[in-house]
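Novice: Assemble the complex: chain A is given as a structure, and chain B must be docked to it using the hints.
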Amino acid sequence: MNETNATAAQAAQADRHAFGFWVYLMTDLVIFGVLFAVYYVLKASTFGGPSSNDLFSLSTALTNTIVLLTSSFTCGLATLAAWSKKLNQTIAWLAVTFMLGATFLTLELSEFSRFMSAGASWQRSAFLSAFFTLVGTHGLHIAVGLLWIAVAIVQLKVKGLTPSVVSKLDRFTLFWHFLDIVWIFIFTTVYLMGIM
Amino acid sequence: MKASLKSYITGFVLSLVLTLGAAWLVSAYISSGSSSRAMFTPDMLIGILLALAIVQLFVQLIFFMHLADESGPRWKLGALVSAVGIILIVVVGSIWIMNHLNYNMMASPADMNTYIQSQDGF
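Top line first, the protein sequences correspond to chains A and B.
Using numbering that gives the first Met the number 0, the first residue of the first sequence is number 0, and each one after it goes up by one.
Using numbering that gives the first Met the number 0, the first residue of the second sequence is number 0, and each one after it goes up by one.
Looking at chain A on its own, in the form it has when it is part of the complex:
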């Protein structure tokens, strides 16, 4: 009986933590919303420099999108494995998610360096300042997420699938899915609409 109560209390606490984290995600969403607004307003202000049409490539943007979407999927598979108490499978899917996230970040940074060597740095025009701020903020979140995956893998190795580790993993999954949703709007309104 006591054990049932303890499990119920743990589940209720995990629920509260998940909701608190959800509220943080929503405030983060507002930050991204403001950066999107800045980008839309300054998109035409190229100051004689390169425009979105000159810089963006559909194939690079599409590759990035597919890589991040796949990592969102594998991250969900890690959660499912954690819920069914499969430790090695959880760690394996997290490792795949990490590799895909790192690939995404590498592709994004090489795109940034290609822009900058073409003379399109954030100092060139208001359009480019807004672009680097919006996409760079998303990339910074991805970098923090990668650190989080590394910490989660260490915790899983040391502590195993305890309720507290699994509840942290659930919050990481929410964070990672959230970043993919923000990226859908970057892909659509920045890249696709920038090259059409």
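To be clear, the hints were calculated from the coordinates, so they are not data collected in a lab.
Take the hints with a grain of salt, since some may be wrong.
[To be verified] Below, in silico cross-link-like pairs of lysine-lysine (DSS-like), each with a Cα-Cα straight-line distance of 30 Å or less:
#1 A/Lys156 <-> A/Lys167
#2 B/Lys5 <-> A/Lys156
#3 B/Lys1 <-> A/Lys167
#4 A/Lys156 <-> A/Lys84
#5 A/Lys158 <-> A/Lys84
#6 A/Lys85 <-> B/Lys1
#7 A/Lys167 <-> A/Lys84
#8 B/Lys5 <-> A/Lys85
#9 B/Lys5 <-> A/Lys84
#10 A/Lys158 <-> B/Lys1
#11 A/Lys167 <-> A/Lys85
#12 B/Lys1 <-> A/Lys156
#13 A/Lys85 <-> A/Lys158
#14 A/Lys85 <-> A/Lys156
#15 B/Lys5 <-> A/Lys167
#16 B/Lys1 <-> A/Lys84
Specialist: Showing chain B alone in chain A's frame:
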């Protein structure tokens, strides 16, 4: 949708189809060259792309983030709706106000851009 392998696979496949569909529409639009041969006007294409992104937003909220599972008072949904409300006000309001500001001072955003360049900043 309850979290299961099926819900994740459904969400993943739907998201892939929506993403590739949007990319295909844009590449077809670019390769059609002049607007006279394109399937859509630019405004129509922007509307379609936005609609596809919003459908994908719902697909991922339901199949990946399991928003529809929430029972009892819908606090998560409430927080989401508040955030989206603030974002819509900020984004639509900014675009609206700044376009009118340019219009009232000169003419179009493009003319404003030329003016700012000729003055070397404001």
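Novice: Any hints from earlier that this structure breaks? Give me their numbers in increasing order, please.
Specialist: none
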